[in-house]
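Student: When you get a sec, could you build the whole thing from the sequences and use the hints?
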Amino acid sequence: MDLSYSAEYEAFRGEVVKFLAANWPLQGKEAELASDQKAALFRGRAIAAGYLARSVPVKYGGSEQAPDVLKGQIIREEFFRARAPGDLAGIGPSMLVPTLLEKGVEWQKEKFIGPTIRGEIVWCQGYSEPGSGSDLASLQTRAELVGDDWVINGQKIWTSGAHVADYMFCLCRTERDAPKHAGISYLLLEMKQPGIEVRPLRQMTGAADFNEVFFSDARTPRDWIVGKRGEGWIVSRTTLKHERNMIGDAANTVMMFEGLVALAKRALRDGRPAIDDPGIRQRLAQLEGYVRSHQYSGYRQLTKAAKAQDPGRIGLMNKLVSTNLGQEMAKLALDLVGDDGLLEPGERRLGAPRENGQWIGQFMWSLGSAVAGGTANIQRNVIGERGLGLPRDAAAQRS
Amino acid sequence: MNFDLLEEQELLQETVRQFAANECPPARVRAIFDGEDGHDTELWQGLLELGVGAIAVPDEFGGAGLELLDLALAAEVLGSGAVPGPFLGHSLAGLAILLAGSDAQKKTWLPRLASGETLATVAFAEGDGRWQPDEWTVSGGATLSGVKAHVPFGSHADLFVVGTRGGGLALCERGARGLVVENLAGIDRTRRIAALRLADTPCEALPGGPAAAARVRDAALVLLAADAFGGAAKLLDMSVEYAKTRQQFGVTIGSFQGLKHQLAAMAVEVEPARGLFWYAAYAFDHVPAEAERSAALAKAHLTQVYMQIARDAVEAHGGIGFTWECDVQVYFKRAMFDRAFLGTPAAHRERAAALAGW
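So the protein lines, in turn, are chains A and B. Under my numbering, the first residue of the first sequence is numbered 2, with each subsequent residue one higher. Under my numbering, the first residue of the second sequence is numbered 700, with each subsequent residue one higher.
Just so you know, these hints were derived from the structure itself, not from any lab. Since this is a predicted model, take the numbers as computed values, not measurements. Treat each hint with caution, since some may be false.
[Claimed, not checked] In silico contact screen, one side only, chain A against chain B (beta carbon under 8 Å); selected entries:
#1 3
#2 65
#3 298
[Claimed, not checked] Chain A is nowhere near these chain B residues, computed Cβ spacing over 10 Å in every case:
#4 735
#5 875
#6 951
#7 966
Each residue gets a CB set at the ideal place from its N, CA and C atoms; glycine is no exception.
Tutor: Put into structure tokens, the structure is as follows:
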């Protein structure tokens, strides 16, 4: 154990800090640009400096740096500290780009990767269907080759950002007679076309971040396929592997916990700060045990990744750990905001801090996080079967 | 940035693990657990020969000169094997003498503790949840008077490090005038306990006592947390193994989602938590400002996890899990020890809250 960084890495950190001091926030005329323009401008400079898009080759618009987990971590830490835009989050950069890099053909990489990591084009993911959630491979949306186009019919659901996306990467059934997993292809398609209808799904929070997407003879060119026909399931697993390989990063969890402590100091109980209440102190300290566990577990996974060692089954647990924690923190927060829990997330009682509303949003949103991208129960299946080596459920085994 | 063990540390764990597997298989644990005396001197001598009794004691006093993390890693392995013996009290007594003793006291006692010539322990508890240095009431000075409870292997120890009023530490020896040791029927039969009655008992103060007592307490919390992690991880393995072996309805019960999810939930409690005791141990030697609080959080969290995992493990083993014969109960009782010894999770959470300035 040595939690300090070596001189080489501290020197690197110094360079990053210097770069940030010179480049963020933007100065002069540039400071007046719209916030997304500012972010795009800054990201371009950060890529040129070698700090963002490190795993993407230069010819596709990345900075093509040698893999170095610790440098990546230092960059994230310092960018986070400076509140500077980091690598674009979102489904395109985090899931499609690594998949294209591994499985795409040359023209696909050239056409899509650069604009995606720069945020010029936005993607959505067409996976779940009304009848195919946890059992994704049972999906029914069909694509048939007619002339030089795939013609797509069917429906996707829970499609985050479909209402703003330019493109979708989509799993469709293309091989009518093939077994379940072998009949699926991974297609790319344009969202803005007559055969596609996007209907927003309003969430319990009142917001509408995701959608239903209906395909009626939607079309996409024959070569907008990643991998071969019938290999879509395998291609999609590549993407998931990238998702799961993401190191459990507890920065958000730690920040949320700090916000919770601040809330407990500010909120009143019987006219005194809630944090004086012995029960609240217990709950906070108990949560902190989990928060620190998650944080140190992230450090350990980072160390293992830097040494190119397998962190083991812990990698399967990060999602469940962080969504469990998000829910527990939100529950305590709801107790702390007290009767402001009568208000909608956006509403603000006169004189109440704005954060109270955010916690009420979090109280609901933390449930969405626990479902999105594989429900908690599916996570427990994965941990049980792949992490602990327990036998698969007999019913799942048959299908 | 390296949040991981060194190769030497992994080797240390492997050495202790091998020793425990060879010399202290479940049958021997059980013999000691069910035995009258509770102290297997041959097993203890074997551990001392490995150096486990003096890992964090400098070489000049016969120890290995390592850090608390190394000692905690040994504690984890002993916890994993439910290895019976006076490791905890003996290690803490050595640390107390090292941190608070005069040169002469160190020279006299530490080599004897390292070799096992002297078996030492600590006497901190005074009942009703009073474990902390600022709660001690036994009068110090030239003699000791008062009562101490829950002294690990008190009936076997030759030397006692006794916590005294004002957070002091004093040494007294078995057979000293006015010292009466009373065996207690402890819940954890792998770590026997006794009470001490002290009536004007001659003692020798450790001059650095008040400054060092809190450090010894912090080290103790880390060792308990490490033992708890080792035990909890072992119970998880045992429960998973049972679920892979036991058959009902013609299939192994681990294929049933109800049990699978219970086991996955146990894994999610245990697996991420090891860093808590690693970090607390690391902080003890390298981040003084965080040492006290991280030890309190680690002890509170890991011993509570251990206790819950022990309850879950009984359930996962079904009827057999509730029997005296099943080894789960040995761990269950070690979990009860780790949880209560030196103060409950709630007590340490309140300390952690206060230490954060909440």
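Student: Just to be careful: measuring from the Cβ of residue 298/A to every Cβ in chain B, is the smallest value less than 8 Å?
Tutor: 4 Å, holds
Student: Non-interface claim for residue 951/B: all C-beta distances to chain A beyond 10 Å?
Tutor: 6 Å, violated
Student: Using Cβ atoms and 10 Å as the threshold, tell me whether residue 735/B really stays out of contact range of chain A.
Tutor: 38 Å, holds
Student: Can we trust that residue 966/B is non-interface, i.e. its beta-carbon lies farther than 10 Å from all of chain A?
Tutor: 6 Å, violated
Student: At 10 Å, judged by beta carbons, does residue 875/B keep clear of chain A as stated?
Tutor: The claim stands: residue 875/B keeps its Cβ more than 10 Å from every Cβ of chain A (closest is about 40 Å).
Student: Would the stated hint for residue 65/A survive a check requiring a Cβ distance to chain B of less than 8 Å?
Tutor: 24 Å, violated
Student: How about residue 3/A: closest beta carbon in chain B under 8 Å, or not?
Tutor: 5 Å, holds
Checked against the numbered hints given earlier, the structure breaks hints 2, 6 and 7 and satisfies all the rest.
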